[in-house]
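Engineer: Go ahead and model the full structure; you've got the sequences and the hints to work with.
The listed protein sequences derive, respectively, from chains P and U. Numbers 1 to 218, taken from the numbering used here, label the letters of the first sequence in order. Numbers 1 to 218, taken from the numbering used here, label the letters of the second sequence in order.
A couple of the hints might just be wrong.
A pair counts as met if it fits within one copy or between any two copies, since identical chains are not told apart.
Stated by the list, open to error - 27 Å max Cα-Cα, derived BS3-like pairs, lysine-lysine: (1) LYS189 <-> LYS72; (2) LYS13 <-> LYS146; (3) LYS13 <-> LYS72; (4) LYS126 <-> LYS146; (5) LYS13 <-> LYS114; (6) LYS113 <-> LYS146; (7) LYS72 <-> LYS214; (8) LYS126 <-> LYS13; (9) LYS189 <-> LYS214; (10) LYS189 <-> LYS146; (11) LYS13 <-> LYS3; (12) LYS114 <-> LYS146; (13) LYS202 <-> LYS13; (14) LYS3 <-> LYS146; (15) LYS113 <-> LYS202; (16) LYS11 <-> LYS214; (17) LYS126 <-> LYS114; (18) LYS126 <-> LYS11; (19) LYS11 <-> LYS202; (20) LYS202 <-> LYS114; (21) LYS189 <-> LYS113.
Honestly, the hints are just simulated from the structure, not real lab data.
Number of protein chains: 2
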Amino acid sequence: MNKYEINDYNKVKRGANRAVYEQATVREILDSTFLCHVAYVWEGRPIVIPTAYGREGECIYLHGAVANRMMKGLLSAEQASLTVTHLDGLVLARSAFHHSANYRSVALFGSVKKLEGNEAKSHALKVVMEQMLPGRWDESRLPSEKELNATLVLEITIDYASAKIRSGDPVDDDEDYDLGLWAGVLPIKQHYENAIPDPRLKFDLEVPMSVQQKLNEN
Amino acid sequence: MNKYEINDYNKVKRGANRAVYEQATVREILDSTFLCHVAYVWEGRPIVIPTAYGREGECIYLHGAVANRMMKGLLSAEQASLTVTHLDGLVLARSAFHHSANYRSVALFGSVKKLEGNEAKSHALKVVMEQMLPGRWDESRLPSEKELNATLVLEITIDYASAKIRSGDPVDDDEDYDLGLWAGVLPIKQHYENAIPDPRLKFDLEVPMSVQQKLNEN
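Structural biologist: Printed below as a string of structure tokens:
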């Protein structure tokens, strides 16, 4: 598959010229962070929750405590939609009306399945952790059977997805270019700062490879 | 009011020790960004959309084109819930299980009203723009009547809200402190980079005060 099927769920309605349905673009956006916002319906009202995820192929993994209301809500709905957003800058036009933001976002809709079995759950948790910080899984004390039993892991298979991207300069109405007002873009970046070792470290340990690599990417 | 009433909507279920219901804390988190994630229900499925907002008192303003499906969905539901999330760092524990993130988030639930009249709409749009970049409204060509007519502005009055905050060091199980594994926090920061003037600027204009102030806060 190169492109997601377009339907009423994933079709970008506003600013359709910013829509991208290519799988490669969707994956690139999904893979450059680990935080998504998921909605579930509780007593008729939608509630939005930020949570970590991991992507592998067309699957998104989420995890939480077994009593997690959001996870249970997704599971009983059998469907989930989630959104990932990178904010890249403020678009400062001459007119208030044409102010905007540069961003890359993905909205996806998927079918929800509860993972059973410690091997499948452990693999999914590895995908989530590696999405947060590649290499970290092998540096950690891996989950015990008791911890796995206390963890609910959901697999969301992507049914539809779309990306929306805005980049570049402001676009003003033709007559406003003569106004003598400044316009431009104020870029926003996210970066990592030097790691703060746990004050309770008992040994003289170097900052691990996963952290060093992340700082090198800054 | 100093504290939001706690009920089944805003009560923090997971990690209740991280919950904050103080209005001042909720406002501080809301006021340190301008991007929220809103959910609306469409044909029985919740959809999450990132959008700009502005806060004034206990009101949150959102805006969009008059045909915006999300805005129309919120309006017909007469209620909205939205979430604001600041990601502050990766919490790297010794155990995979105790990995976490440092963050500050707010979830709020409110009653939705469509703003009528150009004065009220223009004021709300100013609140949204000033939330994005204080001082920018007065540097811009203000909205025309035609532009205001093309814009749907919603006022969401906060009914319930809660904040959830995690900060500080990893917390591992007692026996894991002896493992000889590194643990710590990898802080994440957002910053603004130098403004990129629109290549179509016709005049020799300085970067405006709003942008200079934002860069000074970095």
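Engineer: Please name the hints from earlier in the document that this structure breaks, with their numbers sorted from lowest to highest.
Structural biologist: Of the numbered hints, 1, 7, 10, 13, 14, 15, 16, 18, 19, 20 and 21 do not hold.
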